[in-house]
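Chemist: Generate the whole structure from the sequences, applying the supplied hints.
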Amino acid sequence: MHNFDFVKPATIADAAKALAGDGAQALSGGQTLIPTMKQRLAAPGVLVSLTGIAEMQGVCMGDGGLHIGAATPHAVVAREAAKHYPALAALAGGIGDPAVRSRGTIGGSIANNDPAACYPSAVLASGATVVTNKRKIAADDYFQGLFTTALEEGEFIIEVVFPIPAKAAYVKFNQPASRFALTGVFVAKFANGVRVGVTGAGNDGVFRWSDAEKALSADFSAGAIAGLKVDPAGMNTDLHGSAAYRANLVKVLTQRAVSAA
Amino acid sequence: MPKDHGIGAPSKRREDIRFLTGRGVYTDDITVHGQAAAVFVRSTVAHGRIKSINTAKAAAMPGVLAVFTGEDFKDVGGNPAGWLIKSRNGEPMREPKRPVLAHGKVRHVGDAYAAVVAETYAQAKDAAQQLADDSVIEELPAIIDMAAALANSSNRVHDEIPDNQCYDWGWIEDNRAKVDAAIKAAPHVTTLELVNNRLVPNAMEPRASIGEYFPGTGDYKLTTTSQNPHLTRLLVAAFVLGIPENKLTVVAPDVGGGFGSKIYHYGEEALVLAAAKKLHRPVKWTAERSESFLSDAHGRDHVTKIELACEKDGTFIAFRTETMANVGAYLSNFSTVTPTFLHGTLMAGPYKVPNVYVNVKTVFTNTAPVDAYRGAGRPEATYSLERVIDKMCRELGLDPFEVRRKNFITTDMFPYTTPVALAYDTGNDPATLDTVMQIADVAGFEKRAAASKAKGKLRGMGLSTWIEACGIAPSHLVGILGARVGLYDAATVRVNATGNISVMVGAHSHGQGHETVFPQIVASKLGVPESSVEIVHGDTSKIPFGMGSYGSRSLAVCGVAMDKALDKIVAKGKKIAAHMLEASESDITFADGRFSVAGTDKAKTFGEIAFSAYVPHNYPLETLEPGLEETAFYDPANFTYPAGAYLCEVEVDEGTGKVDVVAFHCADDFGNIMNPMIVEGQVHGGVGQGIGQALCEFTTYDETGQLLTGSYMDYPMPRAEDVPFYNVDYSCQTPCTHNPLGVKGCGEAGAIGSPPAVVNAVIDALQRGGHKHVTHIDMPVSPSRVWSAING
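So the protein sequences, as listed, match chains Z and V. Note that the first sequence covers residues 20 to 280 in this note's numbering. Note that the second sequence covers residues 27 to 818 in this note's numbering.
Hints in this document: simulated from the structure, not taken from any laboratory. None of the values given here were measured: they were computed from a predicted structure. Even glycine gets a Cβ: it sits at the ideal position worked out from N, Cα and C. Hints are not guaranteed to be accurate.
[To be verified] Here are the computed distance ranges between Cβ atoms for each label pair: (1) Z/G115 - V/T726: 21 to 27 Å; (2) Z/G115 - V/P380: 52 to 58 Å; (3) V/R44 - Z/A252: 53 to 59 Å; (4) Z/K57 - V/E747: 48 to 54 Å; (5) V/M743 - Z/T256: 19 to 25 Å; (6) V/E165 - Z/Q44: 29 to 35 Å.
[Unchecked claim] Straight-line Cα separation of at most 30 Å, DSSO-like style, residue types lysine-lysine; simulated pairs: (7) V/K378 - V/K338; (8) Z/K248 - V/K684; (9) Z/K233 - V/K304; (10) Z/K186 - V/K100; (11) V/K378 - V/K204; (12) V/K798 - V/K417; (13) Z/K57 - V/K628; (14) V/K210 - V/K112; (15) V/K628 - V/K598; (16) Z/K102 - V/K481; (17) V/K798 - Z/K248; (18) V/K204 - V/K151; (19) V/K684 - Z/K208; (20) Z/K270 - V/K479; (21) V/K551 - V/K568; (22) Z/K270 - V/K151; (23) V/K204 - Z/K270; (24) Z/K186 - V/K481; (25) V/K568 - V/K590; (26) V/K684 - V/K600; (27) Z/K57 - Z/K155.
Modeler: See the structure below:
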């Protein structure tokens with residue numbers, strides 16, 4: 020790790036100011052950034068911690084659904100979202116290990132948009148709103164490919180607002196080494212239809228499986244998608260699974276999520 | 027049983043208190059006054075010619091004390107292979123020099139070609155990056171695939187070795203024609219091609235070394251993560267740096283796991299010593315985890331074809347094995363013996379098969395060196411045999427339990443010499459098979475399979491019956507086979523004046539529990555409390571000699587040396603007692619810590635005798651030296667042969683291909699048991715590693731020689747959730763016939779016997795599920811491989 024300066028602002032305005040500086044990098048839970056810095060693959064001049072800002076912490080019900088402060092650790096979401104949105108709480112409780120869950124945050128996860136992270140599937144499947152220091156971004160507009168989001172320079176996430184579905188479940192199949200999602204599927208059934216968010220599988224990051232959404236909106240049962248096929252052409256291939264294997268997982272896990280919801 | 031003291035008692039591991047409370051002292055915990063930090067510059071290409079290394083900028087950076095390159099070590103010796111293997115044609119193996127730092131060429135990603143020593147680690151790290159930037163290395167095509175390496179004479183890992191082959195070994199060459207003929211004439215032949223996957227050892231503690239030089243005396247000290255400090259001293263002294271052996275102390279303090287990877291001497295150890303000498307400063311290096319992945323000696327990596335010839339009723343006629351074994355870029359110390367004498371000699375298994383032949387071609391590639399890893403050769407042999415037997419049973423529709431029983435060497439046949447030259451002294455394989463079938467409730471399998479089916483899973487059962495050769499090794503025999511060292515061990519028992527006891531042992535404990543078990547033996551033998559005995563190990567200045575811990579040898583070789591030293595203590599004690607009790611020595615008996623005159627109530631306690639030995643006021647000084655300290659060296663007469671039967675049950679999820687090991691039963695014959703709790707722990711750990719190999723772990727280099735599985739993001743280690751609660755039975759005990767403790771060794775058994783049991787169970791599950799086309803899946807039997815096999 021190289022030397023860096025560290026600031027921990029207490030307000031959103033101060034954070035925005037600090038992040039406008041040369042070589043500034045936002046730090047939330049640091050579960051990706053810190054290892055990258057330790058390997059000397061990143062060397063920001065200033066780390067701006069976002070964990071000291073009160074408005075960015077905590078879980079509560081409010082306008083539009085469940086509000087989760089961007090700097091809220093996974094362990095807190097797992098505990099405090101359980102009675103409002105159990106599927107989301109279960110997802111948070113299954114990320115990484117206890118150490119990761121104590122430090123890693125929802126804002127950090129979706130700002131990084133790792134293609135195998137769990138949270139993006141829930142944000143997308145829930146049709147959540149990503150609230151930043153500048154605007155509100157709909158989930159469908161927010162995720163823009165591998166490690167790419169709608170966030171602009173100097174923009175950072177304040178909170179994420181989740182509408183609460185009638186039924187939902189997240190089923191993850193672990194990559195055997197990292198325990199990230201080799202494929203993870205979040206299914207959410209709302210009054211106006213079903214949304215299916217898939218992480219880990221797509222070669223362009225998290226995506227919605229629209230064929231399944233259509234079928235499940237008509238008939239919310241595992242059998243409803245039995246006849247569907249996922250095209251391996253859009254799937255990722257790596258050491259732990261081929262595109263065809265991931266395409267299979269998308270379907271199998273979606274069916275299991277529907278059954279579990 | 028269970029007793030609470032001495033041999034056979036489940037005494038709690040005394041070392042665990044310090045390990046579990048953070049009070050262990052590992053190499054990196056040690057800071058020597060004035061210590062500087064070393065960082066190595068490692069090749070980022072698999073194969074390349076070093077054109078230039080400009081050290082000027084790095085040397086001028088803040089805090090930098092010295093910069094080293096291969097040029098600095100070109101006139102010192104190389105790190106040798108411990109065994110000279112001869113090819114089938116009688117030629118000696120090809121043995122390229124393994125330098126301290128790569129010189130001329132780099133031969134694998136992670137090959138260290140330069141080093142920086144600086145005041146701080148961060149400064150050394152910065153300068154190492156500068157040195158890397160200032161190095162010109164012309165990249166050459168990487169040699170990764172073994173078959174291609176053997177076929178390609180223009181692209182060479184070592185310029186002087188045209189076909190990248192170390193040796194082409196046959197065992198036993200005289201069997202070759204006979205085995206070929208037997209296979210040709212056999213009513214049935216089953217053929218299986220398989221890969222024994224390369225493993226990264228992943229000891230919890232990365233390698234680390236501290237070099238010190240004392241200019242006042244010219245002495246050196248190396249503190250290092252070693253499984254056998256005496257071997258490291260020998261190699262550094264006699265082969266690499268030429269330091270007189272009596273001017274070099276090697277200390278291996280607490281060591282956090284080795285699994286084989288810390289048996290060997292590595293160049294980093296020589297570098298910190300040379301740097302300490304040059305700078306008159308202690309120099310420390312500690313590997314980062316990514317360095318461990320790239321530069322620790324890996325394990326396994328065989329590509330094998332095995333043929334089993336048999337009668338239609340499953341009676342074995344012949345086994346023929348052809349293996350390519352990867353040694354990587356250089357010959358690590360035991361790399362040449364692992365695929366040969368630790369593998370080929372086990373290819374008869376526990377079976378009375380008349381014809382066995384093994385051919386091993388060992389190949390240099392641009393990958394990290396490969397060497398012995400828990401089990402070392404014996405897991406490879408067992409996996410090939412137990413998989414091909416399973417395949418044969420399916421082809422002929424035979425019961426895998428009965429086929430093994432039919433072919434076992436029976437108890438009346440011991441001692442039994444196999445066609446591949448091992449002389450098994452004792453065993454009882456039918457008994458371990460019976461035991462495992464009983465504890466696993468084989469009869470109830472169909473009921474369990476139905477329960478699994480009800481929850482949507484396929485259940486399968488897999489068997490492995492195995493034997494290994496441990497207690498390494500009889501020196502006269504290994505000498506004939508090419509070993510360049512003897513493989514005895516040594517111990518000194520020092521009874522202190524106040525009656526407590528220090529035992530200096532050559533075996534090194536890096537998790538095995540020697541500090542607990544060895545005192546149990548002393549306690550039983552001398553009738554003293556275990557707590558009065560301390561084990562001293564891992565320091566060449568304190569212990570008489572030793573060949574370290576590996577090959578399940580600590581108890582069967584070093585433990586026996588200690589036992590023999592204890593015999594000498596008792597014998598001397600009798601002489602002292604005879605004098606004090608005014609009796610004839612032949613009338614003195616020793617039991618329960620008391621020297622007594624037979625048939626009388628006259629007696630002296632062990633403590634009184636010890637005190638007298640050091641305060642010899644009433645003592646036969648004319649005929650007997652004072653003091654009570656004895657040393658013994660012990661060279662085993664034969665290998666020991668632990669054996670057993672393992673049974674695994676799995677559930678397979680057809681939708682995802684995921685395999686869950688739901689039950690694992692072990693019936694082991696380890697001979698006499700010194701501490702059953704530690705034996706169980708060893709089996710648990712070994713089976714855990716075996717399940718890791720079977721289901722999780724793999725090591726992938728791409729075609730350019732980059733290690734794709736170079737971190738825990740991609741190298742899957744088994745975790746607690748991947749292993750079941752084990753069921754371990756060691757009630758079948760046929761004591762070793764040639765050592766006085768009757769012990770065989772238990773450290774590697776789990777890793778040897780378990781992988782084929784797991785894979786056999788997976789194939790069984792798939793077959794039962796109707797996937798009849800799946801007859802083999804290479805390890806690791808990962809979810810994607812199982813799914814692909816089902817849907818392939």
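Chemist: Evaluate each hint against the coordinates.
Modeler: Hints and how they fare:
| no. | hint | in the structure |
| --- | --- | --- |
| 1 | Z/G115 - V/T726: 21 to 27 Å | 24 Å, holds |
| 2 | Z/G115 - V/P380: 52 to 58 Å | 56 Å, holds |
| 3 | V/R44 - Z/A252: 53 to 59 Å | 57 Å, holds |
| 4 | Z/K57 - V/E747: 48 to 54 Å | 27 Å, violated |
| 5 | V/M743 - Z/T256: 19 to 25 Å | 23 Å, holds |
| 6 | V/E165 - Z/Q44: 29 to 35 Å | 34 Å, holds |
| 7 | V/K378 - V/K338 | 17 Å, holds |
| 8 | Z/K248 - V/K684 | 21 Å, holds |
| 9 | Z/K233 - V/K304 | 74 Å, violated |
| 10 | Z/K186 - V/K100 | 70 Å, violated |
| 11 | V/K378 - V/K204 | 16 Å, holds |
| 12 | V/K798 - V/K417 | 12 Å, holds |
| 13 | Z/K57 - V/K628 | 71 Å, violated |
| 14 | V/K210 - V/K112 | 28 Å, holds |
| 15 | V/K628 - V/K598 | 18 Å, holds |
| 16 | Z/K102 - V/K481 | 29 Å, holds |
| 17 | V/K798 - Z/K248 | 25 Å, holds |
| 18 | V/K204 - V/K151 | 59 Å, violated |
| 19 | V/K684 - Z/K208 | 28 Å, holds |
| 20 | Z/K270 - V/K479 | 21 Å, holds |
| 21 | V/K551 - V/K568 | 23 Å, holds |
| 22 | Z/K270 - V/K151 | 48 Å, violated |
| 23 | V/K204 - Z/K270 | 55 Å, violated |
| 24 | Z/K186 - V/K481 | 24 Å, holds |
| 25 | V/K568 - V/K590 | 19 Å, holds |
| 26 | V/K684 - V/K600 | 64 Å, violated |
| 27 | Z/K57 - Z/K155 | 34 Å, violated |
Checked against the numbered hints above, the structure breaks hints 4, 9, 10, 13, 18, 22, 23, 26, 27 and satisfies the rest.
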